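K.L.:
Here's the letter readout for the chains.
Number of protein chains: 2
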Amino acid sequence: MKEVYPFEEVKKEMKDIVGNKGAQLGEMSSIGIPVPPGFVITTRSCVNYLKRKKIPDSLKKEILSAMKELEKKNKRKFGGSEKPLLVSIRSGAPVSMPGMMDTILNLGLNDKTVKGLARETGNEWFAYDTYRRFIQMFGSIVLGIEEKNFDNILEKVKKGEKAKTDQEISVAGLKKVVKEYKKIASIPEEPEEQLFMAVEAVFKSWNNKRARNYRKYQGLPDDVGTAVVVQTMVFGNLDDKSGTGVAFTRNPATGKKELYGEFLLNAQGEDIVSGKRTPQPVAALKKVFPKIYDELAKTAEKLEKHYRNMQDMEFTIQHGKLYILQTRTGKRTATAAIKIAVDMVGEKLITKKEALMRVTPDDIEKALHPIINPEEKYEVIAKGLDASPGAASGKIVFDPERASVLGRKGEKVILIREETTPDDIHGITASQGVLTARGGITSHAAVVARGLGKPCVSGCEGLVIDEEKGTCRIGKYTFKEGDMLTIDGSSGEVIKGEVSLVPPKFTKETDKLLSWADEVRKLGVRANTDTVEGAKLARKEGAEGIGLCRTERMFNAPDRLPIVREMILAENKKERMKALEKLLPLQKNDFKEILRAMHPLPVTIRLLDIPLHEFLPSTEEISRELSYLKEFDAAVSLLQEIPGISKVLDPKLHVYLPSVEKFIDELTNEKYHVLSKKLIEEKTAMLKKVRSLEEVNPMLGHRGVRLGITYPEIYDMQIRALYEASAELIKEGLEVHPELMVPQVCTAQELKWVFKRVRKISREVEKNYGIKVPLKFGTMIEVVRACMRAGKLSEIAEFFSFGTNDLSQATFSFSREDAEKKFLPLYTQRGILQDNPFSIIDRKGVGRLMSIAIEWGRKTRPDLKVGVCGEQGGEPNSIHIFYNIGVDYVSCSPFRVPVARLAAAQATLEGKKEVI
Amino acid sequence: MKEVYPFEEVKKEMKDIVGNKGAQLGEMSSIGIPVPPGFVITTRSCVNYLKRKKIPDSLKKEILSAMKELEKKNKRKFGGSEKPLLVSIRSGAPVSMPGMMDTILNLGLNDKTVKGLARETGNEWFAYDTYRRFIQMFGSIVLGIEEKNFDNILEKVKKGEKAKTDQEISVAGLKKVVKEYKKIASIPEEPEEQLFMAVEAVFKSWNNKRARNYRKYQGLPDDVGTAVVVQTMVFGNLDDKSGTGVAFTRNPATGKKELYGEFLLNAQGEDIVSGKRTPQPVAALKKVFPKIYDELAKTAEKLEKHYRNMQDMEFTIQHGKLYILQTRTGKRTATAAIKIAVDMVGEKLITKKEALMRVTPDDIEKALHPIINPEEKYEVIAKGLDASPGAASGKIVFDPERASVLGRKGEKVILIREETTPDDIHGITASQGVLTARGGITSHAAVVARGLGKPCVSGCEGLVIDEEKGTCRIGKYTFKEGDMLTIDGSSGEVIKGEVSLVPPKFTKETDKLLSWADEVRKLGVRANTDTVEGAKLARKEGAEGIGLCRTERMFNAPDRLPIVREMILAENKKERMKALEKLLPLQKNDFKEILRAMHPLPVTIRLLDIPLHEFLPSTEEISRELSYLKEFDAAVSLLQEIPGISKVLDPKLHVYLPSVEKFIDELTNEKYHVLSKKLIEEKTAMLKKVRSLEEVNPMLGHRGVRLGITYPEIYDMQIRALYEASAELIKEGLEVHPELMVPQVCTAQELKWVFKRVRKISREVEKNYGIKVPLKFGTMIEVVRACMRAGKLSEIAEFFSFGTNDLSQATFSFSREDAEKKFLPLYTQRGILQDNPFSIIDRKGVGRLMSIAIEWGRKTRPDLKVGVCGEQGGEPNSIHIFYNIGVDYVSCSPFRVPVARLAAAQATLEGKKEVI
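Chains A and B supply the protein sequences, listed in that same order. Just so we're aligned, residue 1 is where the first sequence starts under the working numbering, counting upward by one. Just so we're aligned, residue 1 is where the second sequence starts under the working numbering, counting upward by one.
Hints were generated in silico from the structure; no laboratory data involved. In this text, all values refer to a predicted model and were calculated from it rather than measured experimentally. Virtual Cβ for every residue (Gly too), placed ideally from N, Cα, C. Some hints could be false.
Stated by the list, open to error - Within a straight-line C-alpha distance of at most 20 Å, the following computed EDC-like cross-link-like pairs (lysine to aspartate or glutamate) qualify:
id: 1; chain 1: A; residue 1: 688; chain 2: B; residue 2: 835
id: 2; chain 1: A; residue 1: 752; chain 2: B; residue 2: 835
id: 3; chain 1: A; residue 1: 821; chain 2: B; residue 2: 695
id: 4; chain 1: B; residue 1: 821; chain 2: A; residue 2: 552
id: 5; chain 1: B; residue 1: 821; chain 2: A; residue 2: 694
id: 6; chain 1: A; residue 1: 689; chain 2: B; residue 2: 820
id: 7; chain 1: B; residue 1: 844; chain 2: A; residue 2: 621
id: 8; chain 1: B; residue 1: 688; chain 2: A; residue 2: 620
id: 9; chain 1: B; residue 1: 821; chain 2: A; residue 2: 571
id: 10; chain 1: A; residue 1: 821; chain 2: B; residue 2: 571
id: 11; chain 1: B; residue 1: 844; chain 2: A; residue 2: 795
id: 12; chain 1: A; residue 1: 689; chain 2: B; residue 2: 817
id: 13; chain 1: A; residue 1: 844; chain 2: B; residue 2: 855
id: 14; chain 1: B; residue 1: 792; chain 2: A; residue 2: 835
id: 15; chain 1: B; residue 1: 689; chain 2: A; residue 2: 817
id: 16; chain 1: A; residue 1: 792; chain 2: B; residue 2: 835
id: 17; chain 1: A; residue 1: 821; chain 2: B; residue 2: 614
id: 18; chain 1: B; residue 1: 821; chain 2: A; residue 2: 614
id: 19; chain 1: A; residue 1: 257; chain 2: A; residue 2: 294
id: 20; chain 1: A; residue 1: 683; chain 2: A; residue 2: 625
id: 21; chain 1: A; residue 1: 821; chain 2: B; residue 2: 694
id: 22; chain 1: B; residue 1: 689; chain 2: A; residue 2: 820
To be verified - Which bits of chain A does chain B cover? Going by a derived footprint, with three or more residues having C-beta under 8 Å, they are:
id: 23; segment: 691 to 698
id: 24; segment: 701 to 712
id: 25; segment: 815 to 826
id: 26; segment: 843 to 854
Bound-form chain A, shown alone (with noise of 0.2 Å):
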């Protein structure tokens, strides 16, 4: 098989074994672009190798062939001592993973082509450095000599000839320093053989830490291999008409249509990749050379016309001549992914549903990052670049392996760096937010932070490290380890300290795509919420009703609690009746509320749910607080039996209560005995019933429609509050949709019994108010025996409303919260489970339940409305699943309304799927 391809000769469908990079060079290529000429080595080789070790015969003599037409078709000689033929050497995979592998430049020179080259461009200097600059590439890719080795003989040097900067070392210098790197490095004399080392060690790359973690991030595959890219060189350092330089075809931060990138003059790519330099913008280029900043202009809207998506392209002037080095999709932020999609809709680039697979609904989410609260004063003490949007705080953390650590345990870290470098990516990855001294927006840090939708202030000046002490200075304050400190990504403002963040405003590009989600998506998407708070944000998130009104918050507020208890505590029904009569019309209020807030949109409403010692505090309390009045009423015995005892107190007490005999008058007063006495006596009462209440496996006790069917008159109180508070409205001339669900069922029998009150009640009230109240009548779906049972269920129910977080414990026999501490971790990472089944829904299992539910209940009631209002509802992939398996909506915490549009619409878009 053929294993090396010239660029003229790669299509872009041989992506798999030319990998991005080749298969984008030869593209270009093919449309006109102006790239140096090259060939490309296939990823299949580089498999090959990483089995055996070793470059066989066979692709060695390809690689030969392929560099005698490189030779050809530049009019140059590979290891020439007249026109010398220089080639870079980079990693190129199938998915693009920048700065994850290596990559080696201006190979081909030795002591014999560096005098070639010398002559060629007449600049000894530029020859010199070229050649050393190579050797120190070689020697620390290839040869794996530690950088600072180099670079201390550069320093020494440059001390020698008191050269400030590399550019003032003079040409002897610079011979100089590469007899001494050769000393160090023993770099091969013949090119070709620099080029077989340099091709496997670009192959072996693809199994460095860094790059196997980034894999892993990202859930990229491990036995794809990287494709190798031989290209001739061109070179931005030169002469002062040359630079070298990356642009993105729009901004990647905002998503706005703009040249956008930076450039550095009389450099190399690697000057600008590494941050070592500050670069300029590119729209500096116009001033500098307006017609190659017109050409790159041009260049940028063919290739995004060419390919239907924003570019990020690395280009080279070389004395005035524009090279295009590589293009790729440029990574961009959410909120820039948003408004390219929808511009380019605009554009008539792509279609609207191109749109919506465009965007991810993390993007949706990232978009939704915090920003700082407007109302909020706050003290700036430096600025950086907006490199990457968003604002953050947390502890300051200087090390990415210490960020990691802190980040894993859930504490919010900023992590401050002079630059980052791709071993750093765990540590950002686990922080809310970088900050770094040095470098640009197209930075490690700004690209990595943007990717990862995590707000990042590149070059901030005003920050100063100091490695040894663990401290940075920032402005006119030295800071630690753990202190607070904000960052805005937007404004590139450092801030001391922390500060409120509030979510923020959609951009008109997202609402526009959302609007076209809700066009094509058939899911529906609803909110779970129990304030008016809630439902007036579900309504601006998007929300088409709630489905999942919790009535247990409303009692646990703080006006409701004593009498809630007092319910509980209540020794027959009369009693319970009474407190019961209290929290109606409460309870009412509650319903009216929310039901006006949402008009005239749905809302499920579920009956009672959590078992009654929820609402009693625990065992533990009231021991504690029972000991403390038992005390109280000892000294207050202890008080009342010495007569006098005011005189022997601690003399000092005077001086707190100037009259000590009337205190104790006070205190001793039997009124205060008959209420020590009570109270204990209440206190012990409640630990009597607590104790009572107390459950072996609460998860699976007594609560829900149990506690329904043990006292009907909770459920009759909410019942009818539901029935009256509806008809109020309706009487008001709001149309409303109240849904009832009724939890934890597990038979038909419980539903019908449910049903009945229902009926009794709602006659009851539709005659006082003589008013039809338009409810619907349905159960929540958590107990695996409801899905056996759905076809009987749905007689009744005229809808289904899947507790996933319950119906998934149930399933799994997982009690979640200790699965979570004791096991879970575990069977993820060895592989027993591929994701945890309460953040994304288990499809296989309890997936495989719920679409056998659906297929029953729907087989005795074709119409039954179908819901999902478990956590997983507003979880994408579980959208999808949901989707398929022929859920009607999802319900969502508000915040998730958003993410769950966009998913929605794509699930719709995808088309249904045999999952199961």
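Fit chain B to the given chain A structure using the hints.
P.N.:
Here is chain B on its own, set in the frame of chain A:
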């Protein structure tokens, strides 16, 4: 539709509309049994009546026309002043409900006809005695007048005449009684009106409390209604050549083939049933009326041949002529049921299959009712009739209500009554056994106790109850409520105090029946046990292997627990391995012994299932010990600090400790201090560990294979122990069939993970021993997700064993412990659930889930072996369901194995049904 049928027109197929009694009478007429003529009013009429509360005119017309026919047959006139026709009115439901509904005798008497009866019989006394009986019966049953009002009148007249018994009252006295009776009971003079009112009363009695209770207890439907049998009266109390009796065609207590029963001369049936007079055994009839005895014996034979079952006949002799009043399938004890079924096969009356279907699994269980330990010495304080076999001990209770309350609480009680009535049923049901002072072997107490399989001693003359004081004398002792008493219904003995009871040996008939069951059944029966003793018992009871051997019970043995705790408290894998190495030989020996005891039958070993904290003491326990230790330590410190402490110690101490000085010296020795410090440290560590292992929902916790994956070395040890045990036994020449079962599996990955280790260890062991171990690898199915993944699991598992306890908990989301305490009783009481799903498998939910799992499992592996090892595996209803859904074997407690064998045979005979 016809609503009244004369006996001659009744076919036995008409049972549903003419009732059991009516059908029997019709059938008896047709085979030439001497039955007094009569007719039946259908159950339909009853159901209609209960709806409308009125007898329609059409029915009245039919009844009167049937009476006309009856007058012709008897050549008598209903309400005639000469030869008046008297009839009995009895209830007769499609399923016999003895004594539950009302009966009226002698109907047709009034002031006019009584004179005709006196003239005809020449016995004025008899006529008026019959008349006063009729008034009393009609008055109490139809008119609802309390019996004691009649009794008071009778007693007053008796007192006035100084008569000791009813028989001694004069004719004038009887006439006075009638006159007084009629003052309090206004009996209609018109016989037709009497008849309609009586029929109405019988209809109504279908819904009286005791009938409803009986139906509830027996699981009979409430909407069927009773038929009414109207039959010509014959008089057992006419003269001394008359009498009445009850006879069984075989002994209902033992099953022996003999005419068994009792009779009273010159008496009516009610005198026997009520237990007011103690009758003679039926054998005595041989002497008094040998011809009639022969006729009765022949009739018995005829009836048994006809019905192919043991019969319970009521007969009356009227002036030397035998009448059979009714016959029905005789109730019998479990032992009798088994013997009769097996004997009848021998007599070629029925087939083996019929015999198998005729005995209930309940009978097998009852036949296992305990007997008094033959080695026990005890004092017999009285003797009564051996009315229902078996022995029982319990606390004395005199009141059925009280017995019911205590019984439901789980207390063992013996109900002591003068005699029992149908109103006492709930008390008998709740007791361990019944002791009565009066009544024979067919008295109410005896019949009911035999039906329920409870021991009963009746007619115990040594028993005198003092209701006022709430005490009783038995022989020379006085007892009060709560005192312990033992009765032996097989010998009639009453024993003071509690004696130890043992399970009985099976009769040879039981063994035979079970061997037939084994021939027939296609469902295997195994036992759950984890001891050698259990294994031996299991074999004896007919188990075909061990279906569940729980290894954790072995870990709990006193010699293991310290090592197990060492393993749990180990700080690292190395320490844990050390403890496991100590456990390995012990565990191996466990397995060897059990495999040896069962060879060559299969033994299913389940890997460790329960969470580790169950092997550790509770936090409370450790905290307590810890505080003792700290106190001790403080005391030792104190003693060390006070020199010469021994001198100030309480001088009394010297009495107990001859040398206090030495004791103190000893105690204050540093080594104790060191020891207590060390213990405190250990306990503190243990407390910490226990706290770290605590779970919110232990039922859904870190157990089973989850534990195995977390600490692989534990399962490794167990797997190795099983392989080595098997290999060593095979070397000895034994055939063993070990089966390894993984608990709590919910994903195929878990099973694969264990399977890999099994393969590795098996290769090692098989290589070491040079032997192949024929081990089967399977999984417990007790997590719902495992059911959903059955098709994947059976790729690896060679067998499934359903853990129906945990599976039911997960399917219902019920924590059994909590549910049975908090809401399950209410659920069954309110009809939300028919049965406790932990006793009888829930067909519609859990059964359906199992059925899906079996189907999917067998799709992948057609020869997948499927067992059930949950508690429901030994319960007959559940066994039928398991057989129907394709289970291969059930496994239950060794004691329940015989029950399961019969239930399995019956399920097989009934054939598979679509049950879900």
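K.L.:
Against the structure, test the hints numbered earlier, and report the numbers of the ones violated in rising order.
P.N.:
Of the numbered hints, 1, 4 and 7 do not hold.
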